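Undergrad: Based on the sequences and whatever the hints tell you, model everything.
Quick mapping for you: the protein sequence lines, in order, are chains A and B. Going left to right, the first sequence walks through residues 1 to 218 as the numbering used here numbers them. Going left to right, the second sequence walks through residues 1 to 218 as the numbering used here numbers them.
These are computed hints drawn from the structure, not numbers from a lab. Some clues are possibly wrong.
Stretch by stretch, here's where chain A covers chain B in the computed footprint (C-beta under 8 Å, at least three residues) [as the list claims (entries may be wrong)]:
| # | segment |
| --- | --- |
| 1 | 33-45 |
| 2 | 165-171 |
| 3 | 191-197 |
Ranges of calculated distance between the beta carbons of each label pair, as one might list FRET restraints [as the list claims (entries may be wrong)]:
| # | chain 1 | residue 1 | chain 2 | residue 2 | range |
| --- | --- | --- | --- | --- | --- |
| 4 | A | Gly52 | B | Arg97 | 31 to 41 Å |
| 5 | B | Ala90 | A | Gly135 | 28 to 38 Å |
| 6 | A | Gly135 | B | Arg129 | 21 to 31 Å |
| 7 | A | Thr184 | B | Ala111 | 31 to 41 Å |
| 8 | B | Ala90 | A | Arg23 | 55 to 65 Å |
| 9 | A | Gly52 | B | Asp64 | 22 to 32 Å |
| 10 | B | Arg60 | A | Arg23 | 44 to 54 Å |
As the structure is a computational prediction, the values presented were derived from the model and not from experiment. Where a beta carbon is used, it is the ideal one built from N, C-alpha and C, also for glycine.
There are 2 protein chains.
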Amino acid sequence: MSHTLDDPAPAPGARRAQKLRTRQALLDAALRLLEEQSLSSLGLREVTRAVGVAPTAFYRHFRDTADLGVALVEEALGSLHTTLVATLAATGDGEERIAAAVELIVAYVRAYPAHARFIAREQHGGVRRVREAIGAQLALFAREVAAQFAREPEAAGWSEDDLLMLARMYVDHMVMTASALLETADAEPVADTARRQLRLVGLGRRHWLDTTPASTDQ
Amino acid sequence: MSHTLDDPAPAPGARRAQKLRTRQALLDAALRLLEEQSLSSLGLREVTRAVGVAPTAFYRHFRDTADLGVALVEEALGSLHTTLVATLAATGDGEERIAAAVELIVAYVRAYPAHARFIAREQHGGVRRVREAIGAQLALFAREVAAQFAREPEAAGWSEDDLLMLARMYVDHMVMTASALLETADAEPVADTARRQLRLVGLGRRHWLDTTPASTDQ
DNA sequence: CCATGCAGTTAACAACTGTTCTCCGAGTTT
DNA sequence: AAACTCGGAGAACAGTTGTTAACTGCATGG
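TA: Pasting the structure below:
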């Protein structure tokens, strides 16, 4: 509990720390402003004004607002990979996993609504580089989910391509559910619909090899 | 084939016709500008400049750019209802219907790429009124699709709520497929993935009542 | 301890925005 | 043929935008 901030002999790294702090302030302010507009209309001055720094300070951290947007993508989705894969790996198949996955989305949207809104909005938004960044992240999610599926016994007989197709379906459904949660006051009906839709896809998954046994027997 | 435009005694309704013409020019110009940005950053002057009219002329047709956006929603989705329902009604169940549905989306995106982009982009975009307009249209689509399903023998035993859930899944999948088509050069792989995903959902649909026969037997 | 690096400031720029008010002229109605 | 309607033009407004330049002061590395 000793003094660490108003020290006359500042701690080493105080330089970098202060820079990171204003950088984070810019990201936070931008995220707040983006709740009511799209990135393509977000002004650099608007952000700096909200933080309380000079407009030119912006350039010390980002080339332009698109650059800031890419940073926001990382902040919003970067930490989600481990959580998602861990959730899938920790739960068995069927109803248990469905409940866990939906609960994960609901918790995420509740904890970081602005991040979720940003991703849903800019996934198809007007800024190419941000769109591509989100697309790359979601494609990575899909590959990770597919890889997890491949480790499970239910994936026997599935082609790699079909597994990826299934995984993409789950990932896209996640984003849509998040977006739906953001526009409703009561989360429960939305979560319920999401669970039923996952149940439906799960049923399709279980019967995928029924009609076309393709190359493998069993 | 007589003269109708440069008539010294102009045909009645020329007033209204000219107004509609510039209104349409504004819509077209806006749609073109929106290929590279979001509606929330579209400026009123930008649109009028592209058309070649004075900025103030804009107010004769729209209150603001959000109002123009709502009009674009109608233009993009209004005529699609009949086409969609007709396609569903004309095709039997199974593979045939899947091919027809995907072909419908592919054809739409090819014919009106700017409209499709606009809907995908502004569905979660930064302008509330436009978001709501799109949401209402898509909800209407879902109800229409559900109603069509209800008329078919495969829907026996399905609750109304489950049918709507299924329909929403199809509608949302349509929008996602359209968006994916816009970002790819070669439509075929995307269309193929979309077909497989529909096949998966269809399988889930056929086995929906297997585990929980609920109230009905058979 | 001093010289360098660099986050942030100030000032100024040309260009752009939405909106108001006034006006014109051609289509429309009587 | 006169009176009216109304889509569009023109000019002007107060604010805003992104970007450049030159500056200041403090944490840092030699």
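Undergrad: Give a verdict on every hint.
TA: Each hint tested on the structure:
| no. | hint | in the structure |
| --- | --- | --- |
| 1 | 33-45 | holds (count 7) |
| 2 | 165-171 | holds (count 4) |
| 3 | 191-197 | holds (count 3) |
| 4 | A:Gly52 with B:Arg97: 31 to 41 Å | 58 Å, violated |
| 5 | B:Ala90 with A:Gly135: 28 to 38 Å | 35 Å, holds |
| 6 | A:Gly135 with B:Arg129: 21 to 31 Å | 28 Å, holds |
| 7 | A:Thr184 with B:Ala111: 31 to 41 Å | 34 Å, holds |
| 8 | B:Ala90 with A:Arg23: 55 to 65 Å | 57 Å, holds |
| 9 | A:Gly52 with B:Asp64: 22 to 32 Å | 30 Å, holds |
| 10 | B:Arg60 with A:Arg23: 44 to 54 Å | 46 Å, holds |
When held up to the earlier numbered hints, the structure conflicts with hint 4 and nothing else.
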